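*Asks:* Each chain, written out:
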Amino acid sequence: MESIKKGLKNLVWIQGLTCNGNSHSFLSINDTLLDTFLSNINILYHPILTSEIEFKDVYKRILSGKESLNFLVVEGAVSNKKNEVFFQGFDVFEILNNLKDKSDYILAVGNCACYGNFPALYNENVNGLQYRFKDKGGFLGESFKTKSGYQIINITGCPAHPEWIVRTILSLDFGYDINLDNFNRPKDFYMYLAHDGCIRNEYFEWKVEAHEFGTKEGCLFYELGCRGPLTHSPCNKILWNEKSSKTRSGMPCIGCTEFDFPLRSKYFETKTNIGIPEEVPLGVTKRAYIMLTGVAKTFTNQRLNKKLEDTD
Amino acid sequence: MLIRKRLKEKKKEEIVNVALKLFAEKGFYNTTIPDIAEALGMSVGNFYNYFESKEELAKYIMQYSSNILGEEIRKISEMDISTREKILLLVRRFIEIAEEKPELIDYFLRVFLSNREVFKEGCEGFLCVSSVVTELMLFLEEGAKKGDLRQQDFFPAFVTVMGPLGGIVFLKGENVLPKRPIEYAEDIGENIWRALKKD
Ligand code: SF4
Ligand code: SF4
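Protein sequence lines correspond, in order, to chains A and B.
No gaps in the numbering here: position 172 of the first sequence is 172 in the working numbering, and each next residue is one more.
No gaps in the numbering here: position 15 of the second sequence is 327 in the working numbering, and each next residue is one more.
These aren't lab readings, by the way, just hints derived from the structure by calculation.
Note that the coordinates shown come from a computational prediction; the quantities given were computed from them, not determined experimentally.
Here a beta-carbon is modelled for each residue, glycine too, at the ideal position from N, C-alpha and C.
Any given hint could turn out to be false.
[To be verified] If you only want the chain B side, here are some residues facing chain A, beta carbon under 8 Å, derived:
hint, residue
1, E337
2, K413
3, Q463
4, Q464
[As the list claims (entries may be wrong)] Below 25 Å or equal to it, Euclidean Cα-Cα: the simulated DSS-like pairs (lysine-lysine) are:
hint, chain 1, residue 1, chain 2, residue 2
5, A, K134, A, K271
6, A, K271, B, K509
7, B, K324, B, K371
8, B, K333, A, K286
9, B, K338, B, K323
10, A, K271, B, K457
11, A, K82, A, K100
12, A, K82, A, K9
13, A, K271, A, K187
14, B, K322, B, K387
15, B, K338, A, K271
16, A, K286, B, K322
17, B, K333, B, K371
18, A, K297, B, K338
19, A, K207, A, K286
20, A, K187, A, K216
21, B, K413, B, K457
22, B, K338, A, K266
23, A, K271, B, K458
24, A, K297, B, K491
25, A, K286, B, K484
26, A, K134, B, K457
27, B, K432, A, K207
28, A, K286, B, K366
29, B, K457, B, K509
30, A, K266, B, K322
31, B, K432, A, K297
32, A, K207, B, K333
33, A, K286, B, K324
34, B, K338, B, K432
35, B, K371, B, K338
36, A, K81, A, K102
37, A, K266, B, K458
38, B, K387, B, K432
39, A, K81, A, K66
40, A, K145, A, K207
Work out the full structure, taking the sequences as your base and the hints as a guide.
*Replies:* Have a look at this one:
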């Protein structure tokens with residue numbers, strides 16, 4: 001990779017406690033978007049891309065003001081204590097404190113950087129950049145803003161979809177304002193639910209359930225624990241690998257874009273009390289949901305009770 | 313427009329109450345629309361402005377009574393008392409209503425449950441009694457969520473509540489109870505609670 005391209009905005013990607021999942025996701029962006037991305041953004045450093053300059057040099061040049069930093073992308077959880085999390089030999093605690101006021105934008109990519117996620121379960125010093133699970137604060141504090149006036153922009157997911165990452169960065173680069181939701185996630189992506197656009201919606205409406213994974217028929221909500229109706233993500237709008245999504249292939253959504261992702265224990269079960277789901281789809285009351293489903297269950301949609309291959 | 317609608321609803325309620333009495337006295341099949349109209353002092357033609365047929369009226373009555381009962385359950389659900397107390401209260405209220413409006417329960421037992429063909433279309437499943445079922449679902453769900461009631465499927469729990477209630481008013485209807493049903497409320501409530509509670 002060329003080290004520095006003049007005129008393009010600079011991006012540096014660093015890592016805290018992470019499995020690399022978001023890096024891998026990022027690298028699976030489609031060719032068209034990759035082209036657009038690389039013609040507009042200069043990746044100064046990314047830990048798993050080959051590069052002519054080492055991190056320490058990039059870091060030094062930014063600190064000395066020789067190089068500007070426009071996008072700082074952070075993957076992985078971080079610690080509020082010194083000397084606990086390292087990146088390329090530097091304490092992430094220090095890197096963040098040194099760069100937080102230098103970068104135009106800071107993006108937390110993936111649930112670990114956003115909320116602390118699994119690593120935060122095991123160590124109370126471990127945080128997301130501006131949240132710890134649902135509590136605002138995190139590493140940088142509640143009111144922290146970057147130079148651009150934005151707080152930390154959270155691209156949640158375990159991992160985040162490459163297009164959510166790339167399109168957010170490009171939008172900012174092109175000068176668009178982006179709206180953020182209550183968890184500082186771009187609304188363009190997170191105003192949708194995983195349920196929106198799921199090809200099983202009709203089964204959901206008529207309460208026809210799938211009883212096992214991987215079938216083409218049935219909704220995965222009641223018996224297999226699908227979190228689609230409670231999870232903010234455009235997974236059935238912006239497909240994975242441009243092709244599919246969990247629910248399309250018969251795997252329930254496990255709610256990986258939400259702060260409580262690691263806090264739940266049974267991923268393939270919808271918690272019920274005396275057979276009634278404890279949580280119901282966002283936006284409806286339990287009373288309304290029960291009434292509606294009761295009506296739906298009274299009738300049968302013949303088509304939905306057959307194997308799809310056998311329908312007319 | 314709104315006032316018109318409300319007046320119409322009021323009139324419908326009146327028809328329901330009169331019809332319920334007649335059904336209880338003469339039986340569902342022996343009661344005709346002219347009988348009902350006459351008892352209300354209205355013309356048969358006018359009756360049809362409110363209900364298209366006796367079947368429509370029959371279904372409406374079911375929904376109407378289900379809403380009344382549902383509303384009662386809802387009030388109890390929302391009270392700040394223990395699950396056991398809620399169950400006792402539920403039983404008490406049910407029996408009270410059965411005493412205040414015996415024709416309502418009578419209708420349920422002798423018309424709704426015994427003439428399913430009348431309710432075939434438009435009252436499938438729980439459609440006409442969905443308020444009661446919904447409110448009971450919420451009632452039981454809340455109790456289980458709090459950890460007071462044992463986890464199980466809905467229907468066994470549902471019949472555990474409804475069975476004894478239906479049973480006691482049935483016995484009352486048969487005139488075989490030595491005491492007033494309300495005097496059994498405490499014991500019935502305790503039985504339901506013990507059957508449903510955790511452990
Ligand atoms: S499988 Fe999940 S996302 Fe799809 S319709 Fe059912 S509940 Fe919604
Ligand atoms: S479908 Fe659900 S679990 Fe899967 S990636 Fe989307 S939000 Fe995460």
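*Asks:* Next step is simple, just say for each hint if it's right about the structure.
*Replies:* Here is what the structure says about each hint:
Interface restraint check for E337 (chain B): the shortest CB-CB distance to chain A comes to about 32 Å, outside 8 Å, so the restraint is violated. Because the smallest distance between the Cβ of K413 (chain B) and any Cβ of chain A comes to about 24 Å, over 8 Å, the interface hint for this residue is violated. With its C-beta approaching chain A no nearer than about 7 Å, Q463 (chain B) sits inside the 8 Å limit, and its interface hint holds. At about 6 Å, the closest approach between the beta carbon of Q464 (chain B) and any beta carbon in chain A falls short of 8 Å, and the interface hint on this residue holds.
Straight-line distance between C-alpha atoms of K134 (chain A) and K271 (chain A) comes to about 21 Å, which keeps the hinted pair within the 25 Å bound. The suggested pairing of K271 (chain A) with K509 (chain B) holds, with an alpha-carbon distance near 19 Å, which does not exceed 25 Å. Distance restraint check for K324 (chain B) and K371 (chain B): the Cα-Cα separation of roughly 13 Å lies within the 25 Å cut-off, and the hinted pair is therefore satisfied. The suggested pairing of K333 (chain B) with K286 (chain A) is violated, with an alpha-carbon distance near 36 Å, which exceeds 25 Å.
At roughly 22 Å between alpha-carbon atoms, K338 (chain B) and K323 (chain B) fall within 25 Å of each other, so this suggested pair holds. Using a Cα cut-off of 25 Å, the hinted pair K271 (chain A) and K457 (chain B) holds, with the two alpha carbons roughly 10 Å apart. Proximity of K82 (chain A) to K100 (chain A) is assessed by CA-CA distance (about 16 Å); at most 25 Å being required, the pair is judged to hold. Simply put, K82 (chain A) and K9 (chain A) have alpha-carbon atoms about 30 Å apart, too far for the 25 Å limit, and the pair is violated.
Annotation: proposed proximity of K271 (chain A) to K187 (chain A) is violated, straight-line Cα distance about 28 Å (limit 25 Å). Distance check on the hinted pair: K322 (chain B) and K387 (chain B) sit about 23 Å apart at the alpha-carbon level, within 25 Å; holds. Proximity of K338 (chain B) to K271 (chain A) is assessed by CA-CA distance (about 49 Å); at most 25 Å being required, the pair is judged violated. Between the alpha carbons of K286 (chain A) and K322 (chain B) the distance comes to roughly 30 Å, so the proposed pair goes past 25 Å and is violated.
The hinted pair formed by K333 (chain B) and K371 (chain B) meets the criterion: a straight-line CA distance of about 16 Å does not exceed 25 Å. For a cut-off of 25 Å, the pair hint linking K297 (chain A) to K338 (chain B) is broken: about 36 Å separates their Cα positions. Restraint check for K207 (chain A) and K286 (chain A): the C-alpha separation of about 15 Å stays at or below 25 Å, so the hint holds. Of the pairs offered as hints, the one joining K187 (chain A) and K216 (chain A) is violated, with about 30 Å between alpha carbons and a cut-off of 25 Å exceeded.
A threshold of 25 Å between alpha carbons decides the hint, and for K413 (chain B) with K457 (chain B) the separation of about 33 Å lies outside it, so the pair is violated. Of the pairs offered as hints, the one joining K338 (chain B) and K266 (chain A) is violated, with about 57 Å between alpha carbons and a cut-off of 25 Å exceeded. Among the hinted pairs, K271 (chain A) with K458 (chain B) is consistent with the structure: their alpha-carbon atoms are about 13 Å apart, no more than 25 Å. Straight-line distance between C-alpha atoms of K297 (chain A) and K491 (chain B) comes to about 41 Å, which puts the hinted pair past the 25 Å bound.
Annotation: proposed proximity of K286 (chain A) to K484 (chain B) is violated, straight-line Cα distance about 36 Å (limit 25 Å). Only pairs whose Cα atoms come within 25 Å are accepted, and K134 (chain A) paired with K457 (chain B) is accepted, the gap being roughly 23 Å. Proximity of K432 (chain B) to K207 (chain A) is assessed by CA-CA distance (about 22 Å); at most 25 Å being required, the pair is judged to hold. Our distance criterion of 25 Å between C-alpha atoms is broken by K286 (chain A) and K366 (chain B), whose separation comes to about 34 Å.
Distance check on the hinted pair: K457 (chain B) and K509 (chain B) sit about 12 Å apart at the alpha-carbon level, within 25 Å; holds. Our distance criterion of 25 Å between C-alpha atoms is broken by K266 (chain A) and K322 (chain B), whose separation comes to about 50 Å. Distance check on the hinted pair: K432 (chain B) and K297 (chain A) sit about 16 Å apart at the alpha-carbon level, within 25 Å; holds. This hinted pair does not check out: K207 (chain A) and K333 (chain B) have alpha carbons roughly 39 Å apart, beyond 25 Å.
In summary, the hint linking K286 (chain A) to K324 (chain B) is not supported, as the alpha carbons are separated by about 30 Å, beyond the 25 Å threshold. For a cut-off of 25 Å, the pair hint linking K338 (chain B) to K432 (chain B) stands: about 23 Å separates their Cα positions. Using a Cα cut-off of 25 Å, the hinted pair K371 (chain B) and K338 (chain B) holds, with the two alpha carbons roughly 19 Å apart. With a C-alpha separation of about 21 Å, the suggested pairing of K81 (chain A) with K102 (chain A) holds against the 25 Å cut-off.
Between K266 (chain A) and K458 (chain B) the alpha-carbon distance is near 19 Å, which keeps this suggested pair within the 25 Å criterion. Restraint check: the Cα-Cα separation between K387 (chain B) and K432 (chain B) comes to about 31 Å, which exceeds 25 Å; the hinted pair is violated. Only pairs whose Cα atoms come within 25 Å are accepted, and K81 (chain A) paired with K66 (chain A) is rejected, the gap being roughly 29 Å. The suggested pairing of K145 (chain A) with K207 (chain A) is violated, with an alpha-carbon distance near 45 Å, which exceeds 25 Å.
The structure fails to meet hints 1, 2, 8, 12, 13, 15, 16, 18, 20, 21, 22, 24, 25, 28, 30, 32, 33, 38, 39, 40 from the earlier list, while all remaining hints are met.
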